[in-house]
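Fit chain B to the known structure of chain A by using the hints.
Okay, here's what each chain looks like letter by letter:
There are 2 protein chains.
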Amino acid sequence: MNSTYLQMFSTVTEAGELRLELLEKPMPQPTSSQVLVRIEATPINPSDQGAMFGMADISAAETSGSGKGTLLTAPVSAGGLRVMKARMGQTLAVGNEGAGTVVATGDSDLAKSLAGKVVAAMGGAMYGQYRCVEAAACLPLQTGHTAKDGASCFVNPLSALCMIETMKLEGHTALVHTAAASNLGQMLVRICQSDGVQLVNIVRKADQVKLLQEMGAKYVVNSSSENFMAELTDAIHATGATLGFDATGGGLLASNILSCMEAAAARTPGAYSIYGSVKHKQVYIYGGLDTSATTLNRGYGMAWGVGGWLLPNFLARAGMDVAGRLRARVAKELKSSFASHYTNELSLVEALQADTVRQYYAKHTGEKFLICPQK
Amino acid sequence: MNSTYLQMFSTVTEAGELRLELLEKPMPQPTSSQVLVRIEATPINPSDQGAMFGMADISAAETSGSGKGTLLTAPVSAGGLRVMKARMGQTLAVGNEGAGTVVATGDSDLAKSLAGKVVAAMGGAMYGQYRCVEAAACLPLQTGHTAKDGASCFVNPLSALCMIETMKLEGHTALVHTAAASNLGQMLVRICQSDGVQLVNIVRKADQVKLLQEMGAKYVVNSSSENFMAELTDAIHATGATLGFDATGGGLLASNILSCMEAAAARTPGAYSIYGSVKHKQVYIYGGLDTSATTLNRGYGMAWGVGGWLLPNFLARAGMDVAGRLRARVAKELKSSFASHYTNELSLVEALQADTVRQYYAKHTGEKFLICPQK
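If you're matching them up, the sequences are chains A and B in order. Numbering-wise (our numbering), the first sequence opens with residue 1 and increments by one. Numbering-wise (our numbering), the second sequence opens with residue 1001 and increments by one.
For reference, chain A alone in the conformation it holds in the complex:
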């Protein structure tokens, strides 16, 4: 085995420059409870790109150098630097999840049991050729499943499953989801179907409506429709949804979902209350596809909430048993409910080319890129 390996790091400098580059690191040795994974496939999720690119202006990104000397740079505005203050000057490892083959193990029984197996793992620093991880944190894939099959085992599948867990934990009975034609959105459609959970899908385009309807989704609302608010209210009334997950974050969408939940609640006969409906209505923002400010018009009484939602925080709250149950389900349904499709496969060097970066940075619905660090 080599004595070094390449890994991707991101730095925001005090001079206002983002630097994304490959650094040569000494090959790590697994401790007793760890395994060394040769990373073979690791996806570029929207949630990875915050750490990769900070608040840099990617339209002005440039690539210099070649091979392991490849460097992507991009300017960061003064406003971006203020927000990025806590990370300034730090060289951050990037990449949340990935999969590959266990090529060395520690001497614990669990670690040794994974020797030679294909496993998936989440935990950061995955955009590299090798990664030491705790054996207990690995998800062994079923026989016949490849690293590419399992590369996106965690972020999207667990997020979709944890949306349903959040729904149950917080006493709701149906869901609203935005950017619903995304990779994650399609998983959510499939698992809501098999679990009998009513789901209202919000998309922006007619072809996305068609895509989800062809998958069997019952409630699909197009936010570009001029009757969007009325159609969303009808769907919310039909399903009883009082919980939404919003991937976009900015603008009026979260507020509009709450308005429609309130309008749907007002259709249920009962005394008028000046303080609005009593049932708590919640929208969690789990992404930032729209980086503009969130605007809440508050025309929905007093029993409402909007907040950030982050998978690791929710898993910590739900506890180990829930996490274990959900991981087992992902492994079992990896090529059905949780299948991912990739637009392109990139080497570590290709992932630093400015034109390629601009392509995946655009986060077009349904597009997803995979890094294959051994390529």
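Since the hints were made in silico from the structure, they are not lab data. There's no promise every hint is true.
[What the hints assert, rightly or not] In silico DSBU-like links for lysine-lysine, alpha-carbon gap of 30 Å or less: (1) Lys363/A - Lys375/A; (2) Lys1085/B - Lys279/A; (3) Lys168/A - Lys210/A; (4) Lys363/A - Lys68/A; (5) Lys1375/B - Lys1068/B; (6) Lys1279/B - Lys279/A; (7) Lys1068/B - Lys1363/B; (8) Lys279/A - Lys1168/B; (9) Lys363/A - Lys148/A; (10) Lys112/A - Lys25/A; (11) Lys1279/B - Lys168/A; (12) Lys1332/B - Lys1363/B; (13) Lys168/A - Lys1168/B; (14) Lys112/A - Lys335/A; (15) Lys1148/B - Lys1068/B; (16) Lys85/A - Lys363/A; (17) Lys1218/B - Lys1168/B; (18) Lys85/A - Lys1279/B.
For chain B alone, kept in the frame of chain A given last:
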């Protein structure tokens, strides 16, 4: 006893008119578990004015008629009518809380035990000369305390106490409060002092800073200061506050509080996380002094929430035991921690005069009006 009494009602008509008027109602008879209270003092809280005035344009309000035929009218815009749709055409009783003398009782032991006593009650329809209420919902005042002393027993005192209860229930250890020079804000200063809870007060004016400092408040920040964000961050860092209560609702204030909480958290040594600090940061909006939209810039990671907060909803969540404990404390500290001061005392007819309405509708900090329905 008279066979009828006068009570204030509010209606928003389909034609776009707000009507606030007195109606003559038959004197109610208490059931077995009820008492009949002669209402002698009932405050006009900001939270009453939503039901009283809907979304009407009070600058254009007019009063016609006189005596019990007095009628206040004001135009409601098309936008206001959309928001008020659920109440349109309904004649709503107004006034959340009040106090007075029990003049008749049902035959239950509890009801009979209140005969002749001065009690406070919350439950709506208080802007009238009489009100039947459940004996169990009454708070008997201590000997020597008058109806005027007890008129504001519930909304402000219980809100202030329940802010501290919310803090404990949700795992926070200090508070931020806006519009902190208000009647409620001053109560909160007093009870935080006696309970040893650290409190960051946000006010808008230098004389309000002085007022709270003279009361002994340690952290008072002026949002009109050009160093507001830095000063607020310092105060939040010193107190460890991760929970705020905002009476204003509109604009950037809630978002700015979250930004300062995040900046304060970033001062604590620890690894940088691209997803922000892990401790949940929450701002509850409990009023709408600023009716403009709430703008959230989301520059504070993923562990944050903003939501509506309503006293009855919180009391329902906290349970009967907590409510009983808090009510007992209010009765005990009625003339110390929970003393209210009134700008003016109005008869029911005076409360319908357009110029007077504009005065209390302005909700100037520290101004509070009392209706004395027997006047």
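The hints, checked one at a time:
1. Lys363/A - Lys375/A: holds (23 Å)
2. Lys1085/B - Lys279/A: holds (19 Å)
3. Lys168/A - Lys210/A: holds (29 Å)
4. Lys363/A - Lys68/A: This hinted pair holds, its Cα atoms lying about 26 Å apart.
5. Lys1375/B - Lys1068/B: The given pair, whose Cα atoms are some 13 Å apart, holds under the 30 Å limit.
6. Lys1279/B - Lys279/A: Holds - the C-alpha atoms of Lys279/A and Lys1279/B are around 26 Å apart, at most 30 Å.
7. Lys1068/B - Lys1363/B: Roughly 26 Å separates the two Cα atoms, so the pair holds.
8. Lys279/A - Lys1168/B: holds (23 Å)
9. Lys363/A - Lys148/A: holds (20 Å)
10. Lys112/A - Lys25/A: holds (25 Å)
11. Lys1279/B - Lys168/A: The hint holds at about 23 Å.
12. Lys1332/B - Lys1363/B: Between Lys1332/B and Lys1363/B the Cα gap is close to 28 Å, so the pair holds against 30 Å.
13. Lys168/A - Lys1168/B: Given pair Lys168/A, Lys1168/B holds - Cα atoms ~24 Å apart, limit 30 Å.
14. Lys112/A - Lys335/A: holds (27 Å)
15. Lys1148/B - Lys1068/B: With Cα atoms ~23 Å apart, Lys1148/B and Lys1068/B stay inside 30 Å; holds.
16. Lys85/A - Lys363/A: Answer holds: Lys85/A to Lys363/A is near 25 Å, not above 30 Å.
17. Lys1218/B - Lys1168/B: Holds, at about 21 Å.
18. Lys85/A - Lys1279/B: With Cα atoms ~19 Å apart, Lys85/A and Lys1279/B stay inside 30 Å; holds.
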